[in-house]
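Here is how the chains run, residue by residue.
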Amino acid sequence: MDFLLSGIMAITWQQCVMYLVGGVLIYLAIQKGFEPSLLLPMGFGAILVNLPASGVINQTLAGIGETNGIIQWLFEVGIEASEALPILLFIGIGAMIDFGPLLSQPIMFLFGAAAQFGIFAAVLFAAFMGFDITDAASIGIIGAADGPTSILVSQMLNSKYVGAIAVAAYSYMALVPIIQPFAIKLVTTKKERQIKMPYNPKSVSKMTRILFPIIVTFIAGLVAPMSVALVGFLMFGNLIRECGVLESLSDAAQNMLANLITLLLGMTIAFSMRADVFVNIETVMIMAIGLLAFVFDTIGGVLFAKLINLFRKEKINPMIGAAGISAFPMSSRVVQKMALKEDPTNILIMHAAGANVSGQIASVVAGGMIMSLVANYIK
Amino acid sequence: MNIETILIALDMMWKGMFGIFTVIILITLIVMLLTKISKDETDKEDI
Chain E
4 MDFLLSGIMA
14 ITWQQCVMYL
24 VGGVLIYLAI
34 QKGFEPSLLL
44 PMGFGAILVN
54 LPASGVINQT
64 LAGIGETNGI
74 IQWLFEVGIE
84 ASEALPILLF
94 IGIGAMIDFG
104 PLLSQPIMFL
114 FGAAAQFGIF
124 AAVLFAAFMG
134 FDITDAASIG
144 IIGAADGPTS
154 ILVSQMLNSK
164 YVGAIAVAAY
174 SYMALVPIIQ
184 PFAIKLVTTK
194 KERQIKMPYN
204 PKSVSKMTRI
214 LFPIIVTFIA
224 GLVAPMSVAL
234 VGFLMFGNLI
244 RECGVLESLS
254 DAAQNMLANL
264 ITLLLGMTIA
274 FSMRADVFVN
284 IETVMIMAIG
294 LLAFVFDTIG
304 GVLFAKLINL
314 FRKEKINPMI
324 GAAGISAFPM
334 SSRVVQKMAL
344 KEDPTNILIM
354 HAAGANVSGQ
364 IASVVAGGMI
374 MSLVANYIK
Chain B
60 MNIETILIAL
70 DMMWKGMFGI
80 FTVIILITLI
90 VMLLTKISKD
100 ETDKEDI
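Protein sequence lines correspond, in order, to chains E and B. Adding 3 to a residue's 1-based position in the first sequence gives its number in our numbering. Adding 59 to a residue's 1-based position in the second sequence gives its number in our numbering.
Just so you know, these hints were derived from the structure itself, not from any lab. Treat each hint with caution, since some may be false.
Computed cross-link-like contacts, BS3-like style, restricted to lysine-lysine with a CA-CA straight-line distance of at most 25 angstroms [unchecked claim]:
| hint | chain 1 | residue 1 | chain 2 | residue 2 |
| --- | --- | --- | --- | --- |
| 1 | E | Lys318 | E | Lys344 |
| 2 | E | Lys205 | B | Lys74 |
| 3 | E | Lys194 | E | Lys35 |
| 4 | E | Lys316 | B | Lys95 |
| 5 | E | Lys199 | E | Lys340 |
| 6 | E | Lys209 | B | Lys103 |
| 7 | E | Lys209 | B | Lys98 |
| 8 | E | Lys209 | B | Lys95 |
| 9 | E | Lys199 | E | Lys382 |
| 10 | E | Lys194 | E | Lys382 |
| 11 | E | Lys205 | B | Lys103 |
| 12 | E | Lys193 | E | Lys340 |
| 13 | B | Lys95 | E | Lys205 |
| 14 | E | Lys35 | E | Lys340 |
| 15 | E | Lys188 | E | Lys318 |
| 16 | E | Lys318 | E | Lys193 |
| 17 | E | Lys199 | E | Lys188 |
| 18 | E | Lys382 | E | Lys340 |
| 19 | E | Lys194 | E | Lys316 |
| 20 | E | Lys35 | E | Lys193 |
| 21 | B | Lys103 | E | Lys318 |
| 22 | B | Lys103 | E | Lys382 |
| 23 | E | Lys194 | E | Lys209 |
| 24 | B | Lys74 | E | Lys309 |
Example chain B residues on the side facing chain E (calculated, C-beta under 10 angstroms, incomplete) [said to hold, decoys possible]:
| hint | residue |
| --- | --- |
| 25 | Met60 |
| 26 | Glu63 |
| 27 | Leu66 |
| 28 | Ile67 |
| 29 | Ala68 |
| 30 | Leu69 |
| 31 | Met71 |
| 32 | Gly78 |
| 33 | Ile79 |
| 34 | Val82 |
| 35 | Ile84 |
| 36 | Leu85 |
| 37 | Thr87 |
| 38 | Val90 |
| 39 | Ser97 |
| 40 | Glu100 |
The structure displayed is predicted, hence computed values, not measured ones. All C-beta atoms, glycine included, are put in the ideal place defined by N, C-alpha and C.
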């Protein structure tokens, strides 16, 4: 009967921890509705890869030799070899984004840049905690509040902690409605949160909408060449959406492509959640630094809005700065909800949405910038 | 804790934020210019 019990006998306590982690991710996805499209496949994948001698990862069997596992193959081909999965997902994301609220109020672009501060604050925290610069930079990118960017950058920098970084990035994105109100209240007064902003958008021509993705690709590509894969595919998706002659492709990118890749990405990234590489003190440290990254993103955006207010006659509600993170549309909804709580007549959603989509561009530029800078330091 | 890594992280912080703001400000200026050009053309058509 030993052959029936060999699997159970081979379970380690670290694997039991991973079953628990997988269960928690599935619970958060189903019961709490936190990023279910990613957390559910990741949670289930975490269980799959941690079963003893699991067939979803490569194994060496006595008398048979090497056998291939599907999740390991997907990881090696789709993420490790080419980063294809996260990059292709950007076509879908680009096709989903309407940059209209941003193009009609260009000043909102600045908040997307300011709210990337958490990335660099997190790099500093990670360096303080003893991580080397490539791992610190990979951990810092959690502050981009953008799952695919976090996976891509940490994988490109060859980080040992891709799994923990992906879990932190997606978990905290899901927790934005809890993290951001706390951080915003830390640095704003009730009076500041009550500031009203009239919405007088400038009209956006079709030419502007079409030229915008091309121009962004050029500028980002020339200043931060490493961001081309991220920005280029994001903007390609947006060009498909805005050109007006590729509706079926735009529809396919927004729905079929994005859904298919999301489905595979969650399962694939679970390969890096094997107990032997995931259950350690570094994972706990990464989760803590990731939380700080989101808090400092928010604080960075809010303080920047306060700084701009020093020079403006028409004041900006500083909460708009917090919407400059990439978590769309959660962050803009959080800001609107807080504004309504302070003053039921205060409508900030369009301003916040503008800052929020700017955060999507700024986060991928930040990803490229991090890769370029790290490459310079380690060469 | 390695002082050299911390100094690199600080260097990365200012360079990174400066780089992101450079890209974003350039994009902002071009979008403003595009908006102005298309507004001028619309005004001309109206006249």
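Original post:
Which hint numbers doesn't this structure obey?
Top reply: 2, 3, 9, 10, 18, 20, 21, 22 and 23
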